[in-house]
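Novice: Following the hints, position chain B against chain A.
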Amino acid sequence: EADIYQTPRYLVIGTGKKITLECSQTMGHDKMYWYQQDPGMELHLIHYSYGVNSTEKGDLSSESTVSRIRTEHFPLTLESARPSHTSQYLCASSEYSDTEAFFGQGTRLTVV
Amino acid sequence: GEDVEQSLFLSVREGDSSVINCTYTDSSSTYLYWYKQEPGAGLQLLTYIFSNMDMKQDQRLTVLLNKKDKHLSLRIADTQTGDSAIYFCAEGSVSGGYNKLIFGAGTRLAVHP
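Keeping their order, the protein sequence lines are chains A and B. The first sequence begins at 1 in our numbering and counts up by one. The second sequence begins at 113 in our numbering and counts up by one.
The following block holds chain A by itself, in its conformation from the complex (with noise of 0.2 angstroms):
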């Protein structure tokens, strides 16, 4: 079983809030990558980093900001949410860059 958290599961939250999820994996990986998945989508990368102090944006535009002080944790923030940003995050890590990413079980995020 993945070793990958992610809190809180479910977010309900007013515009303009300033909110952060969180994504901790207890299995060392220094590759660690946020999806956003609208319903009935695919998954979109928005944010990876290779390891501390590393952080780079997706192929998907966001609006969030990420960061990676500890390998461990790789929280996500939205400043203001909207929306907009109405989405299901999903945080995975991996061992190296080309073997199997493990995922959380997600943050379905809606603003309202």
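Among the hints, a few may not be true.
Stated by the list, open to error - Now the in silico label distances, taken between C-beta atoms and shown as ranges:
1) Thr110/A <-> Asp166/B: 43 to 51 angstroms
2) Val12/A <-> Asp166/B: 41 to 49 angstroms
3) Glu95/A <-> Ala189/B: 27 to 35 angstroms
4) Lys17/A <-> Ala189/B: 43 to 51 angstroms
5) Pro151/B <-> His73/A: 26 to 34 angstroms
6) Thr7/A <-> Glu117/B: 28 to 36 angstroms
7) Thr26/A <-> Gln171/B: 23 to 31 angstroms
8) Gly127/B <-> Asp38/A: 31 to 39 angstroms
9) Pro151/B <-> Glu63/A: 25 to 33 angstroms
10) Ser84/A <-> Leu173/B: 34 to 42 angstroms
11) Glu56/A <-> Asp170/B: 30 to 38 angstroms
12) Asp181/B <-> Thr15/A: 23 to 31 angstroms
13) Asp170/B <-> Tyr5/A: 24 to 32 angstroms
In short, the hints are calculated from the structure, not lab data. Backbone N, C-alpha and C fix where the C-beta goes; we use that ideal spot for every residue, glycine too.
Specialist: Below, chain B alone, put in the same frame as chain A:
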């Protein structure tokens, strides 16, 4: 750019075989993956195939890869109700040092008695 396409729905009877198809565009893909997503859960890797293989079998799962046509399929033998889920095809390549996974939109498999 890279693209992965799958049919959106598949309905099969319990005990029959299910075949989920996928086409991709990036010929430099090193690995191709099948992930399963159950309701309210994250993605779980089912199986993967290296791009220089034609076939991989793992218990009830058979993956076929036609690299010339860029076509990938997942066959589930003796499909059970517990197999009902969304199945995502993904192509993986190493780009800039990270595992770039391009996902399809997922095929929703419904298994009925």
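Novice: May I ask you to test the hint 26 to 34 angstroms on the CB atoms belonging to Pro151/B and His73/A?
Specialist: With Cβ atoms ~28 angstroms apart, the hint holds.
Novice: I want to verify a distance hint. Is the separation of the beta carbons of Ser84/A and Leu173/B within 34 to 42 angstroms?
Specialist: holds, 38 angstroms
Novice: Do the Cβ positions of Thr26/A and Gln171/B conform to the proposed distance bound of 23 to 31 angstroms?
Specialist: Cβ of Thr26/A to Cβ of Gln171/B: about 28 angstroms, so the range 23 to 31 angstroms holds.
Novice: With respect to the beta-carbon atoms only, verify the hint that Glu56/A and Asp170/B lie 30 to 38 angstroms apart.
Specialist: holds, 33 angstroms
Novice: Could you say whether the range 43 to 51 angstroms given as a hint is met by the Cβ separation of Thr110/A and Asp166/B?
Specialist: Once the Cβ atoms are compared, 44 angstroms apart, the range 43 to 51 angstroms for Asp166/B and Thr110/A holds.
Novice: A range of 23 to 31 angstroms was offered for this pair. Does it hold for the Cβ distance of Asp181/B and Thr15/A?
Specialist: violated, 47 angstroms
Novice: Taking 31 to 39 angstroms as the hint, is the beta-carbon distance of Gly127/B and Asp38/A inside that range?
Specialist: Given a distance of about 34 angstroms, which is inside 31 to 39 angstroms, the answer is holds.
Novice: Cβ-Cβ distance between Pro151/B and Glu63/A: within 25 to 33 angstroms?
Specialist: With a Cβ separation near 28 angstroms, Pro151/B and Glu63/A satisfy 25 to 33 angstroms, so the hint holds.
Novice: Should the hint that Val12/A and Asp166/B are 41 to 49 angstroms apart at their CB atoms be regarded as holding?
Specialist: holds, 47 angstroms
Novice: Assuming the hint says 43 to 51 angstroms, is it satisfied by the Cβ distance from Lys17/A to Ala189/B or not?
Specialist: This hint holds: roughly 49 angstroms between Cβ atoms.
Novice: Against the range 27 to 35 angstroms, how does the distance between the Cβ atoms of Glu95/A and Ala189/B compare: consistent or not?
Specialist: At 31 angstroms between Cβs, range holds.
Novice: Taking the CB of Asp170/B and the CB of Tyr5/A, does the distance hold inside 24 to 32 angstroms?
Specialist: holds, 27 angstroms
Of the hints listed earlier, the one the structure fails to meet is number 12.
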